[in-house]
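Chains as they are written, first to last, in this note's numbering: chain A, 1 to 220; chain B, 1 to 230.
The set of hints was computed from the structure by calculation and includes no laboratory data.
Misleading hints may appear alongside valid ones.
Stretches of chain A that chain B covers, calculated by requiring three or more beta carbons in the stretch to come under 8 Å of a beta carbon on chain B [as the list claims (entries may be wrong)]:
1. 51 to 59
2. 145 to 153
In silico lysine to aspartate or glutamate, EDC-like type, Cα no more than 20 Å apart, as pairs [stated by the list, open to error]:
3. A:219 <-> B:226
4. A:180 <-> A:47
5. A:219 <-> B:25
6. B:70 <-> B:25
7. B:143 <-> A:74
8. A:6 <-> A:74
Ideal Cβ placement from N, Cα and C applies to all residues, glycine included.
In case you want the letters, here they are:
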Amino acid sequence: MVSAKKILTLFKKDLLLEVRQQYTFYGIVLYIACTVYILFLAISEPDASVWNALFWVNMLFISINAVAKSFLQESRGRMLYYYTIASPQEFILAKLFYNVLLMLVMSLLSLITFSFFLGSPFVNAPQYIGITLLGGISMSLVFTLLAAIASRANQNAAIMVIMGFPVIIPQLLLLIRISKAAFGEVFKDGAFLQMTFLLGGLDILVLALCMILFPFLWKD
Amino acid sequence: MHKSWWKIAAVILLVYTIVGGFLMDVPRLFILNESIRNLYFHVSMWFTMMILFAVSLVYSIKYLRSQNHKHDIYASAYAGTGTFMGLLGYATGAIWASYTWVTDQGQSLSTILKEPKLLGAGIAILIYCAYFVLRGSFNDIDKRARVTAVYNVFAFAMLFPTIWIIPRLVGSLHPGAPGSESGNPALNFNDIDSRLRMVFYPAVLGWTLLGVWITTLKIRTKLLAEKSLL
Numbered sequence: 001m002v003s004a005k006k007i008l009t010l011f012k013k014d015l016l017l018e019v020r021q022q023y024t025f026y027g028i029v030l031y032i033a034c035t036v037y038i039l040f041l042a043i044s045e046p047d048a049s050v051w052n053a054l055f056w057v058n059m060l061f062i063s064i065n066a067v068a069k070s071f072l073q074e075s076r077g078r079m080l081y082y083y084t085i086a087s088p089q090e091f092i093l094a095k096l097f098y099n100v101l102l103m104l105v106m107s108l109l110s111l112i113t114f115s116f117f118l119g120s121p122f123v124n125a126p127q128y129i130g131i132t133l134l135g136g137i138s139m140s141l142v143f144t145l146l147a148a149i150a151s152r153a154n155q156n157a158a159i160m161v162i163m164g165f166p167v168i169i170p171q172l173l174l175l176i177r178i179s180k181a182a183f184g185e186v187f188k189d190g191a192f193l194q195m196t197f198l199l200g201g202l203d204i205l206v207l208a209l210c211m212i213l214f215p216f217l218w219k220d
Numbered sequence: 001m002h003k004s005w006w007k008i009a010a011v012i013l014l015v016y017t018i019v020g021g022f023l024m025d026v027p028r029l030f031i032l033n034e035s036i037r038n039l040y041f042h043v044s045m046w047f048t049m050m051i052l053f054a055v056s057l058v059y060s061i062k063y064l065r066s067q068n069h070k071h072d073i074y075a076s077a078y079a080g081t082g083t084f085m086g087l088l089g090y091a092t093g094a095i096w097a098s099y100t101w102v103t104d105q106g107q108s109l110s111t112i113l114k115e116p117k118l119l120g121a122g123i124a125i126l127i128y129c130a131y132f133v134l135r136g137s138f139n140d141i142d143k144r145a146r147v148t149a150v151y152n153v154f155a156f157a158m159l160f161p162t163i164w165i166i167p168r169l170v171g172s173l174h175p176g177a178p179g180s181e182s183g184n185p186a187l188n189f190n191d192i193d194s195r196l197r198m199v200f201y202p203a204v205l206g207w208t209l210l211g212v213w214i215t216t217l218k219i220r221t222k223l224l225a226e227k228s229l230l
């Protein structure tokens, strides 16, 4: 019953909206630039652990800012319209894909600005890029579901942050842990892969939960 | 709800836990010594918490299937008692850690508390605190019930990796983690002594029954308060 064509159309609609109203996109880009520039003014060449900590804090706030918009911009009437033309699974999948794409772009962008202004202390750069992308995907998935929940509550942003922080910490813990591998820390045999698979598994879990739970949020 | 035998059983089991737990013989291991008696309180709190959260999850799913308002009251009451038990578990654990994990090199307790397992436990409690904040943010009862039920399912799913998987992967001082042989042999026993088992299992049962008892009382007052709505 989930048709790929409808998902693609909804996905395209989000993308088109982004291209037409560029203020959200540039808003986030400016957010990244400001954060990094302030950090650059405060500390010029942080060592690896500080760099890592700052980077993940930055990623967390970017993902909240980027993903929260996806449901905030939908008015009540428009949601009703989507309700008549698509199934909830199609709608949430389109949103998920779009947010994942947006976060991938934002992650790469912040990684580039970070390494430009604050130096790049990693030993294994491709590995760190991979971890960043994985982190971007994980965060966008979790925050999409939370944004959907928060959009049902009246005070959107505050509720999303309150719900989001405890839920995202386990994943951040894992991400910070595995990103140390790119700084040259040696892991026990298999520990790195195990944690990476766990992160992937969590992503799949969140995806499945989105598919199961979103229909209940959708009908009003 | 009107049967009383399990309440009597809860009282008897808890009296046995407290009397037996403090007076019966326990194995005395290096560092751990008599503090192993905390096992009857600390570990059973977490057992109770997990059971109550699981019951809360079941009622949330039931609510989503039936839209029966009673199930929402049940789910929130079980989550509330579960969170309370979690806080007690954290407190008893912190006391225990302050006697067994702090070495004589002048560490502060806060360095000890920065532990994957304890972080996980703290996050678990925060996740459920967020559940209650979310509940408070709605005026519409039906909407509140539906959205919080969704969040409850999600919260339980995230709770599992937080408490059970991540501490085992990143390594922890807490028993049950690989690599816990980091300078503390006392915590490395995998098997529980039969003398401990004599009190431990009744303790788990007793505390769980007490948790359910508290919850049923809360549910009954809530049902009476919202009689006009049901």
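Consistency of the hints with the structure:
Taking a C-beta to C-beta cut-off of 8 Å, the segment 51 to 59 of chain A contributes 0 residues in contact with chain B, too few for the three needed, and the coverage statement is violated. Under a criterion of three residues with beta carbons nearer than 8 Å to beta carbons of chain B, the stated coverage of the segment 145 to 153 of chain A is upheld, 4 such residues being counted. Taken as a hint, the residue 219 (chain A) and residue 226 (chain B) pair is broken in the structure, with Cα atoms around 25 Å apart against an allowance of 20 Å. Taking the CA atoms of residue 180 (chain A) and residue 47 (chain A), the gap is near 12 Å; set against the 20 Å cutoff, the hint holds.
Between residue 219 (chain A) and residue 25 (chain B), the direct Cα distance comes to roughly 59 Å. Violation of the 20 Å bound is thereby established for this hinted pair. Distance hint between residue 70 (chain B) and residue 25 (chain B) is unfulfilled; the C-alpha atoms sit about 46 Å from each other, more than 20 Å. With a C-alpha separation of about 18 Å, the suggested pair residue 143 (chain B) and residue 74 (chain A) falls inside the 20 Å cut-off, and the hint holds. Restraint check for residue 6 (chain A) and residue 74 (chain A): the C-alpha separation of about 18 Å stays at or below 20 Å, so the hint holds.
In terms of the numbered hints stated before, the structure departs from hints 1, 3, 5 and 6, listed from lowest to highest.
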